[in-house]
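S.K.: Heads up: the protein sequence lines correspond to chains E and V, in order.
Take the first sequence: its position 361, counted from the start at 1, is 361 in our numbering, and no numbers get skipped.
When you read off a place in the second sequence, starting at 1, and then add 1000, the result is the number in our numbering.
Worth flagging that the hints you see were computed from the coordinates, not collected in a lab.
What you are looking at is a predicted structure, and each value in this text was computed from that prediction instead of being measured.
Cβ atoms here follow ideal geometry from the backbone N, Cα and C, with glycine treated the same way.
Where hints are given, some of them may not hold.
Here are the simulated distance ranges between beta carbons [claimed, not checked]:
| id | chain 1 | residue 1 | chain 2 | residue 2 | range |
| --- | --- | --- | --- | --- | --- |
| 1 | E | 390 | V | 1006 | 47 to 53 Å |
| 2 | V | 1041 | E | 195 | 20 to 26 Å |
| 3 | E | 12 | V | 1030 | 24 to 30 Å |
| 4 | E | 224 | V | 1037 | 54 to 60 Å |
| 5 | E | 2 | V | 1041 | 31 to 37 Å |
| 6 | E | 174 | V | 1006 | 21 to 27 Å |
| 7 | V | 1030 | E | 281 | 34 to 40 Å |
| 8 | V | 1073 | E | 285 | 18 to 24 Å |
| 9 | E | 254 | V | 1002 | 50 to 56 Å |
| 10 | V | 1081 | E | 176 | 16 to 22 Å |
| 11 | E | 281 | V | 1002 | 39 to 45 Å |
| 12 | E | 360 | V | 1070 | 39 to 45 Å |
| 13 | V | 1075 | E | 147 | 48 to 54 Å |
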Amino acid sequence: MSYIKGLKCRECGRTYPKEPLYVCEYCFGPLEVDYDYGRIKTSLSRKKIESRPQNMWRYKELLPVDTQPLSGLDTGFTPLIRAKNIEKALGVKELYIKDDSVNPPTLSFKDRVVAVALSKAKEFGFNTVACASTGNLANSVAAQAVIAGFRRYIFIPADLELGKVVGTLIYNPVLVAVEGNYDQVNRLCSEIATRYRWAFVNINIRPYYAEGSKTYGYEIAEQLGWKAPKHIIVPCAGGSLITKIWKGLKEFCRLGLIDKVNTKIYAAQATGCAPIVSAIKEGTDIIKPVKPNTIARSLAIGNPADGVYAVGAIKESGGWAEDVSDEEIVEAIKLLASSEGIFTETAGGVTLAVTKKLVEQGRIPREESIVVCITGNGLKTQEAVAEKIGRPIEIKPNVASFEEKIKI
Amino acid sequence: MPIIVRIPTPLQKLTQNQTEVKVEGSSIRELIENLERDFPGIKARLYDEDGKLRRFINIYVNEEDIRFLKQDATPLKDGDEVSIIPAIAGG
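Build the full structure now, drawing on both the sequences and the hints.
M.R.: Here you go:
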């Protein structure tokens, strides 16, 4: 029984069948899944969701998969942690970390979108999957698609962090390192995608794939006791996650699963790649592409495909956007680890550093509930902090040496 | 020597399923006018009603995004390669 009517162009509203299509052939607008919310409303309730296993598929009526999902069966429902020590450090009253740094199987929020994309690719009858990635998507496609039995072609920028290269190659896909930045990888993949009948998860499967991100937003609302927080800070690369978290909260409200969405959402980017933040600050909805230069490589997308929708969601919510330097990113990664025991990658550093900045600016009131989106794991981007966290204290294997070197 | 233009899937119905076509033109704008002459209907897909390039279209000359060059006034010379590509999601 399907809850999906088909695909619909976000720009001009033309409708398309449920096929591996991703762009409107009239206006080039992106296609989005069109659900039958009336039917979903009659079948989905808080009680029904709560009765299901704690993974992302507990919201399956709101995901575009018609058959039984074949991937990501343990993905999602990651911890929402009340971060008392960060509250003290930032001087705020109620702050939560939504922690996808421990999202199974590959430790980033990308496992959510890939779970949907692969289930859909199988429904469409593909036997090969592919992606263009800044790293996390590469890890996730390489791992999840091997379980699902697909051939895998993965394209990354050649200068990616070692942890993300190893975390892909270990699953033995065809890994192609392209000389160029992510935007160039993306352009190349878009041309390759027209030549082969592959399921490119972020190209021809994109309308389905992107819906997986909504579960991150659903979980925040459910874990807060079926209510939306006042403020959510989201890291932005292509702009899809922030757009889908916003969509997810609005869908929950529409279905009566939460009473209202009184939430402001904020974009977090690195100063070296901040096209979405710039558009917000300049008050325009035209995204000017940039050439990225930041240690936050997972956010280094200079030409964000969903940038205009990210800006739209931020404006609609009454939120804002901010960017931070590479030094601020490293300090925030260290703060999160040393105060909450969470080791996040550079994107998480961006998000926490931006949160701190927005609180200091008075944009986020200190007494209202705040959710910080931590979407990836620090073990993958060790280069960013390796030289900035001191060294182990070396001693001889005897007590005298210990007591000489270690002052207790 | 004409300019090679790579046509994205959504426009290939207009080019009789050709994935690459050869067209003359001294700028992107002129190139699109000439494409329209050879493949009627293509211009309206690329420009909106106000005569601006649609916001979800990326055009590249020899792999460089024309928004880093001179937009649709970007000059072209013989042997250049032009790609027309819909915006695609991050990863």
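S.K.: Does the structure break any of the earlier hints, and which numbers would those be?
M.R.: Structure breaks no hint.
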